[in-house]
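Take any residue in the sequence shown, note its place counting from 1, add 32, and you have its number in our numbering.
It is possible that part of the hints are untrue.
SDA-like, lysine to any residue: derived pairs with alpha carbons at most 25 Å apart [what the hints assert, rightly or not]:
| # | residue 1 | residue 2 |
| --- | --- | --- |
| 1 | Lys204 | Pro263 |
| 2 | Lys245 | Glu289 |
| 3 | Lys188 | Leu305 |
| 4 | Lys188 | Ala125 |
| 5 | Lys204 | Leu227 |
It should be emphasised that the hints constitute simulated quantities derived from the structure, not laboratory data.
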Amino acid sequence: MYHLADDFAAGLLLWAAAALLAAVMTGSRGAFAVALVAGCLWSGARIQELSAVHWPFVGFWLIAALAAWGWNSAVPRHLVSLAALTWWVSCAADYVGTAGRNPGFTFGAGAAVLLGGGIALAGRGTPALRALGQTLSNYGALALAVAVAYPLVRAKYGVGGDGGLSSPISVKWAGFAELLSKGFGALPASALQALVVALILGVVMTVLEGKPKLARWVPSPTAIGLGMLIPGFAVVPIAIGAVLQAVWQKVSRGTEEVYNIPLASGFITGEALVLLVLAAVAAFK
């Protein structure tokens, strides 16, 4: 039996290799996921231990990528893509950052390599190879967008605090958790009664939603809950959009079915792009 206390990283390698072998022999996606998680932990431990980029992980990853290519299945393709990004994040944060270099630039460069490699694979070979290339390029594009956009947005708008960007729902839950940490005595006297009433109403509305004759007249409990968590500046445009969509559906159902989702997606994406453009302009002034 291997003694993990002597070399924990090597023990992780044994687990990763055994799980990968089991995945290849049985086709188990669960074993494949365990292999990649253990492999990423092994590489991260080696990076911290040696203070250097852990290139042996590339060989392990290539074997996993070949298995994903052979299976031609979506789950393995996504797993190897996530493993590649996880390894490179560890390299950028644990090694490059401690070496006095720019981890953000390093992460962006690795994302660009993943994007370019994925595009190269997606343009040739078998359908399975093209599918793998498309998945790798999608993850590379996402990572590259984060590497480029996040520093610009952070510099322009800030993150957290009174004036910075934040996740409103996360702020609400954080405040709720902080309140509960002080004990139920910190809650208002009527809070528990209101909780019971809300639970009963939620159950009743959920059951009524399943009745075809009543469903159209029953408010959505999910929508009500989101309306309580999301601030008004975000809820009001959603409500206005829902009213406009209902009117559009009455006036021209055919065009609404075709253009409703693309138009809404365009508004959401456009707002984000405008913020990013403004941040980029501010950065180069």
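Item checked: Given pair status - alanine 125, lysine 188, alpha carbons within 25 Å -> Holds: lysine 188 and alanine 125 sit about 23 Å apart, inside 25 Å.
Checklist line | Pairwise hint evaluation, leucine 305 against lysine 188, where the allowed Cα distance is 25 Å at most | finding: Given that 25 Å is the threshold and the Cα spacing comes to 14 Å, the pair holds.
Check: lysine 204 and proline 263: Cα distance at most 25 Å?
Finding: 10 Å, holds
Margin query: Run the distance test for lysine 204 versus leucine 227: straight-line Cα separation, threshold 25 Å.
Written below: 16 Å, holds
Checklist line | Given hint glutamate 289 paired with lysine 245 - CA-CA distance at most 25 Å | finding: Distance ~23 Å between lysine 245 and glutamate 289 Cα, so the pair holds.
The structure fails none of the hints (numbered hints given earlier).
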